[in-house]
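*Asks:* Chains as they are written, first to last, in the working numbering: chain A, 9 to 121; chain B, 3 to 117.
Simulated from the structure, these hints should not be mistaken for laboratory data. It cannot be assumed that every hint is accurate.
Taking lysine to aspartate or glutamate and the EDC-like style, the derived pairs with C-alpha atoms no more than 20 Å apart in a straight line are [what the hints assert, rightly or not]:
{"#": "1", "chain 1": "A", "residue 1": "Lys76", "chain 2": "A", "residue 2": "Asp103"}
{"#": "2", "chain 1": "A", "residue 1": "Lys66", "chain 2": "A", "residue 2": "Asp93"}
{"#": "3", "chain 1": "B", "residue 1": "Lys22", "chain 2": "B", "residue 2": "Glu65"}
{"#": "4", "chain 1": "B", "residue 1": "Lys43", "chain 2": "A", "residue 2": "Glu96"}
{"#": "5", "chain 1": "B", "residue 1": "Lys66", "chain 2": "B", "residue 2": "Asp29"}
{"#": "6", "chain 1": "B", "residue 1": "Lys43", "chain 2": "A", "residue 2": "Asp93"}
Incomplete in silico selection of chain B near chain A, CB under 7 Å [as the list claims (entries may be wrong)]:
{"#": "7", "residue": "Phe41"}
{"#": "8", "residue": "Ser45"}
{"#": "9", "residue": "Thr105"}
Backbone N, C-alpha and C define an ideal beta-carbon position, used for all residues, glycine too.
As a plain string of letters, each chain reads:
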Amino acid sequence: AQSVTQLGSHVSVSEGALVLLRCNYSSSVPPYLFWYVQYPNQGLQLLLKYTTGATLVKGINGFEAEFKKSETSFHLTKPSAHMSDAAEYFCAVSDITGNQFYFGTGTSLTVIP
Amino acid sequence: GAVVSQHPSWVICKSGTSVKIECRSLDFQATTMFWYRQFPKQSLMLMATSNEGSKATYEQGVEKDKFLINHASLTLSTLTVTSAHPEDSSFYICSARDNIQSTQYFGPGTRLLVL
């Protein structure tokens with residue numbers, strides 16, 4: 009079985025500061041990994057994903073994440089937070105078919121001006 | 003690319019009526035679509051997996067007779083909430099799996115309020 013843990017349900021950063029959202033997973037086989045962002049009253053938008061290849065993945069809006077197999081982690085980072093980054097962020101894991109997604113509980117990011 | 007739409011985005015209905023929500027993949031074909039429910043400040047809860055041309059697979063605890071799912075084409079799945087009650091009020095989100103990329107793309111969600 010697979011599971012996803014997002015440490016910190018709420019993260020606050022100052023505008024311009026580094027954003028770090030943590031995601032750890034448990035999986036018996038190498039998974040596919042995803043980060044989604046959800047703005048209020050909207051669906052989920054794919055930020056980035058890792059399937060195979062380069063472990064550092066760049067996504068939209070300046071976000072990136074690094075797959076570290078030894079640490080079973082896929083933390084999301086952005087060098088400089090912008091006010092528009094305030095949203096809910098979900099980490100997800102799937103098998104290679106993409107049929108079974110396991111979501112973390114989400115991290116609410118607040119950006120302080 | 004990889005756009006999923008949902009209709010309606012907002013619906014208010016009286017208790018006892020049925021509501022249909024449509025989920026469409028606009029620029030790709032999706033053999034498999036998914037229906038999720040999201041409660042305030044919580045993560046997504048998978049309700050069912052919808053496969054084109056066959057019966058949906060429901061998660062444990064989800065009433066199949068209450069949440070009817072039809073996936074009649076490769077671009078359209080519908081969720082019908084039958085005899086809706088106030089406790090069915092929620093945010094319903096669909097996703098469609100891109101067969102090639104094995105990635106789920108999500109719709110914008112439908113907020114249902116049952117009075």
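*Asks:* It remains to establish, for every hint, whether it holds in the given structure.
*Replies:* Going down the list of hints, with the structure as the test:
| no. | hint | verdict |
| --- | --- | --- |
| 1 | A:Lys76 to A:Asp103 | 17 Å, holds |
| 2 | A:Lys66 to A:Asp93 | 16 Å, holds |
| 3 | B:Lys22 to B:Glu65 | 16 Å, holds |
| 4 | B:Lys43 to A:Glu96 | 9 Å, holds |
| 5 | B:Lys66 to B:Asp29 | 29 Å, violated |
| 6 | B:Lys43 to A:Asp93 | 17 Å, holds |
| 7 | Phe41 | 12 Å, violated |
| 8 | Ser45 | 5 Å, holds |
| 9 | Thr105 | 6 Å, holds |
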